[in-house]
Amino acid sequence: MSFDDKVILITGAGSGIGADASRHLAKLGGKIVLVDLNEPNLLQVEDEIKKSGYAAPLVIVADVTTDCERIISETIEHFGKLNVLVNNAGIVNYDTVNNVHLPEFDRVFDINVKSVVKLTQLAVPHLQKTKGNVVNISSVAALQSEPNLLSYSMSKAAINQFTKCTALDLAPFGIRVNSVNPSAIRTPIFEKVGLTAEQVDNFFEKIKSNYPVGRVGEVSDTSAGIAYLASDSASFLTGVLLPVDGGALLGGCTLNSNK
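Numbered according to my numbering, the sequence shown terminates at residue 267, and the numbering increases by one at each position without gaps.
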């Protein structure tokens, strides 16, 4: 699998899934555009990629809710083209219909949904030129209902439909659109919502038995799924929602539940 001379834009590239995917796709020959609000994290990922001897990435410190035009324009100005868009930036909010706070609900949709629509819309003319593709990062929470994850699950369900509808709309232009739907993957997103490291450890130990493969997911598992869907090996795949979940959905257990 090779991404030689392919320009790959990854949002939320400063940590977690986005950072690992950036390193993995750079290793496979891609020219990476790193997008995140956290400049120190971005610079660390940039440094890791360069120290590994891969092509120097473009770093764009930006907010996906307000800076989509600049993200695309700087990418094209620097590299002259775009082959793959990975819509990874996202946040989690723990809520139910009884306690959902509408400003927080709006924030989840602004980041997880609206930014994806806007960035994809702006990328389409450039992806059409390269016969490129889009990989959205959704979640198994969009495929099976989860307690206490109302706004997040709704936002990812929207991404699932966006993926499928856009796959139909863009197929005539030679653009594929797919999504990766990970189960619980250990990333800094858990600490960002207030969990301690010990709580995160306990959570993953508790849910490990939910996975038929006998372990929980790693960021590298998601990166492998992203790379496959973005590659020429998946040229006949569009509108695919790819669960990266160790078989958890088979038994009806995903993020919060425990057997």
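Derived by calculation from the structure, the hints in this document are not laboratory data. Do not take every clue at face value.
[Claimed, not checked] Derived EDC-like pairs: lysine to aspartate or glutamate, alpha-carbon spacing no greater than 16 Å straight-line:
1. K35 x D55
2. K139 x D177
3. K35 x D12
4. K216 x E226
5. K89 x D177
6. K139 x D240
7. K214 x D229
8. K137 x D13
9. K35 x D71
10. K122 x E226
11. K200 x E112
12. K126 x E56
13. K35 x E54
14. K122 x E56
15. K122 x E77
16. K89 x E77
17. K126 x E54
18. K139 x E56
19. K214 x D240
20. K122 x D75
21. K126 x D75
Quick caveat: nothing in here was measured; it's all calculated off a predicted structure.
Status of the hints after comparison with the structure:
The hinted pair formed by K35 and D55 meets the criterion: a straight-line CA distance of about 13 Å does not exceed 16 Å. Taking the CA atoms of K139 and D177, the gap is about 14 Å. The hint holds against a cut of 16 Å. Taking the CA atoms of K35 and D12, the gap is about 10 Å. The hint holds against a cut of 16 Å. Between K216 and E226 the alpha-carbon distance is near 12 Å, which keeps this suggested pair within the 16 Å criterion.
Taking the CA atoms of K89 and D177, the gap is near 21 Å; set against the 16 Å cutoff, the hint is violated. Straight-line distance between C-alpha atoms of K139 and D240 comes to about 11 Å, which keeps the hinted pair within the 16 Å bound. Between the alpha carbons of K214 and D229 the distance comes to roughly 20 Å, so the proposed pair goes past 16 Å and is violated. Our distance criterion of 16 Å between C-alpha atoms is met by K137 and D13, whose separation comes to about 15 Å.
About 26 Å separates the Cα atoms of K35 and D71, which puts this hinted pair outside 16 Å; it is violated. Note on K122 and E226: the hinted pairing is violated, with a Cα-Cα distance of about 27 Å set against a maximum of 16 Å. For the hint pairing K200 with E112, the CA-to-CA distance comes to about 14 Å; that is within 16 Å, so the pair holds. Restraint check for K126 and E56: not satisfied, since their Cα atoms lie roughly 30 Å apart, outside the 16 Å limit.
Restraint check for K35 and E54: the C-alpha separation of about 13 Å stays at or below 16 Å, so the hint holds. With a CA separation close to 31 Å, the supplied pair K122 and E56 exceeds the 16 Å bound. The hinted pair formed by K122 and E77 meets the criterion: a straight-line CA distance of about 13 Å does not exceed 16 Å. A threshold of 16 Å between alpha carbons decides the hint, and for K89 with E77 the separation of about 15 Å falls inside it, so the pair holds.
For the given pair, K126 sits about 25 Å from E54 by alpha-carbon distance, which is inconsistent with the 16 Å threshold. A threshold of 16 Å between alpha carbons decides the hint, and for K139 with E56 the separation of about 29 Å lies outside it, so the pair is violated. Between K214 and D240, the direct Cα distance comes to roughly 38 Å. Violation of the 16 Å bound is thereby established for this hinted pair. Taking the CA atoms of K122 and D75, the gap is about 12 Å. The hint holds against a cut of 16 Å.
Restraint check for K126 and D75: satisfied, since their Cα atoms lie roughly 10 Å apart, inside the 16 Å limit.
Hints 5, 7, 9, 10, 12, 14, 17, 18 and 19 from the list above are not met by this structure, while the remaining hints are.
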